[in-house]
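Protein chains: 2
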Amino acid sequence: MSERLQSKPSNDGYRMPGEHEPHERVFMVWPERCDNWRLGAKPAQRTFVEVAKAISKRTPVTMVVSASQFDNARTQLPSDIQVIEMSSNDSWMRDTGPSYVVDDNGNRRGVDWGFNAWGGLVDGLYFPWDKDDQIAQKVCEILGDDSYRAPLILEGGSIHIDGEGTVYTTAECLLHPSRNPDLTKDEIEKLLCDYLGAEKVIWIPNGLFNDETNGHVDNLIHVVRPATIALTWCDDETDPQYTLSRESLAALEAQTDAKGRSIEVIKIPMPGPLYMTAEEASGIDAADGMEREAGERLAASYANYLISNKHIIFPLLDPKTDGDMEAMFKRMYPDHLITGVEAREILLGGGNIHCITQQIPAV
Amino acid sequence: MSERLQSKPSNDGYRMPGEHEPHERVFMVWPERCDNWRLGAKPAQRTFVEVAKAISKRTPVTMVVSASQFDNARTQLPSDIQVIEMSSNDSWMRDTGPSYVVDDNGNRRGVDWGFNAWGGLVDGLYFPWDKDDQIAQKVCEILGDDSYRAPLILEGGSIHIDGEGTVYTTAECLLHPSRNPDLTKDEIEKLLCDYLGAEKVIWIPNGLFNDETNGHVDNLIHVVRPATIALTWCDDETDPQYTLSRESLAALEAQTDAKGRSIEVIKIPMPGPLYMTAEEASGIDAADGMEREAGERLAASYANYLISNKHIIFPLLDPKTDGDMEAMFKRMYPDHLITGVEAREILLGGGNIHCITQQIPAV
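So the protein lines, in turn, are chains A and B.
When you read off a place in the first sequence, starting at 1, and then add 1, the result is the number in our numbering.
When you read off a place in the second sequence, starting at 1, and then add 1, the result is the number in our numbering.
No wet-lab data here; the hints were simulated from the structure.
Model, not experiment: these values are computed from the prediction.
The beta-carbon is built from N, C-alpha and C at its ideal position, and this holds for glycine as well.
Keep in mind that a hint or two might mislead.
Claimed, not checked - Quick partial rundown of chain A residues pointing at chain B, CB under 10 Å, derived from the structure:
id, residue
1, S3
2, E4
3, S69
4, F71
5, N73
6, R75
7, V84
8, S88
9, K132
10, Q135
Claimed, not checked - Which chain B residues stay away from chain A? Per the calculated CB distances, all over 10 Å, these:
id, residue
11, S8
12, C35
13, D72
14, M87
15, D124
16, K139
17, I203
18, P241
19, Q256
20, K268
21, L317
22, T322
To be verified - Only pairs whose alpha carbons sit at most 20 Å apart, straight line, appear in this in silico DMTMM-like list of lysine to aspartate or glutamate:
id, chain 1, residue 1, chain 2, residue 2
23, B, K260, B, E343
24, A, K132, B, E343
25, B, K9, B, D146
26, A, K268, A, D325
27, B, K268, B, D319
28, A, K201, A, D104
29, B, K132, A, E327
30, A, K268, A, D323
31, B, K54, A, E327
32, B, K58, A, E4
33, A, K58, B, E4
34, B, K191, B, D13
35, A, K54, B, E190
36, B, K321, B, D336
37, B, K260, B, D72
38, B, K9, B, E238
39, B, K268, B, E238
40, A, K58, A, D325
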């Protein structure tokens, strides 16, 4: 039973839970497009396997995969990872999957946003994106859950939520002319609150430097817990991220959340700066849209981690900073399991562990 | 958790339940191939919708559908029918889906037979059949059930089972050189018993006249209940089915089942004879393999019905006999709901309601 609902989550008593709340399952999409993932996506596939295995220590994982890659994915993945056929245009379940909302009576529903490949015909990363736009509905069908089709172009990675009424996002992305040019900022805020069951939107001006998603908030910050935010920090004045991080800190410190609390900011290290090598770039098919050239600055961030059932799965990106970051996670989440996964191959595709995963809340 | 098991169901204490035992769900595949289904498969799709709706009166239904037909199927089907993307070569879930086995402790597993499109390169109906051969495993993955890959080419419609140790099949199909030419009859019997948890195979010489499946048993008979068989009957001496039905009766009456019981045979009427019209044939794409020509005798049979949770879903095929058949079903199954569905469009594609459905036992 998967009904498409015409009402709105907020009116129905639903809210999106925080990522720290319990998960039933995590969904991922198997990578394969050769104009994004180098060497036929084989190195990325190995990394996705490692991410899935890490998550599955605490949370069951479903990997959706195209028909042509089904046998390969089924063979590469351990048998406790569920593999389900699904077509897609790329492999960013955070952005294409449903944002789930729950009520106080043990019910849940999916929110299926419009998707236009991070900018549609204005500055989208590929064309077409029709299969990606169907993923949220298909996931809800598999789970037997009702869903809302929200009248808003939005990727799941462009919002963070604390589960207690506050949405975090960036103006760079949500007010970008390639998403919802006909809506005002107030109208977008209202839709976010209506479809996430939230009360307040906290705007950060910009995302991470050179992030091709138009500055997704999930590559800059993470909600550690309500009213506590991890923020990617940079102390090198010559780095463009220096000013961007300070702007973000100022925006967070200038506001209180939906519960009226001041926001505590934890500054986390930035890896790198990291760049695409000539060898890496040479393994990627030429195509319009995504820039995959040698020397390109990679939008590398430890904020792009996943919390799933008291387990932190974070990207290992730079030996100079990985150890510091792991030590910080142990302090930030003293009762959590902390697992780092070598994740440069995900970074080369334009995102990281948070971008390739979408949690389904337990109810 | 969907493990591929190397053992055998009989050794593990599993048996295939009879169709009269409780079902959790019924799976179907959305039809679309234009060299089998006329007029772009649109009339067949409408019929599949009606079959799914009928079954769903008593049993939840999952329709699997290709990516390109997903939106259409989702729109045509009521919201209580689950729709899941899956690629296929055609739409015969009985033959491509898993045969489920259960144990006495509330567990179930799928049996995934080899599939070669009713005859492979010898006399198969289409090429390739790779997607069809993956369906059983994909269904088990969706359900989270372990599965056995049986070392036997077999379609689910070529066997009937009573759940109490007896398998019914036809020599025409199971001993056909296009299926398992390297196996003897004894070896095939042993594999059937091993993978269905059965003890005895009852062989009927031939299936229905002009059945392109090489005489699937499910288009000739149905297990009404253990030791009671419905057999398609024909009293017209000039019809080739006349002799075939008498041969079948003799084979059934000459044997006892696995429990040592004599087999009671209920003779059910045969529709028609029915033939493909010129108009019907003209709507089908030309292709090698399937013969879809005006005037072709259709392998029409009421035996091709489904039992699902005390509900009989049977094909309406011929106004001259439909009423008699319905009256007989009411006598054969006095405590069951009886639903007829107009099914000529399924017949034109080469099968009927039993062929397009596969039950998943409740455990």
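Discussion item. Output the indices of the hints that this structure fails to meet, ascending.
Written reply: 5, 13, 14, 16, 23, 24, 29, 31, 35, 36, 37, 38, 40
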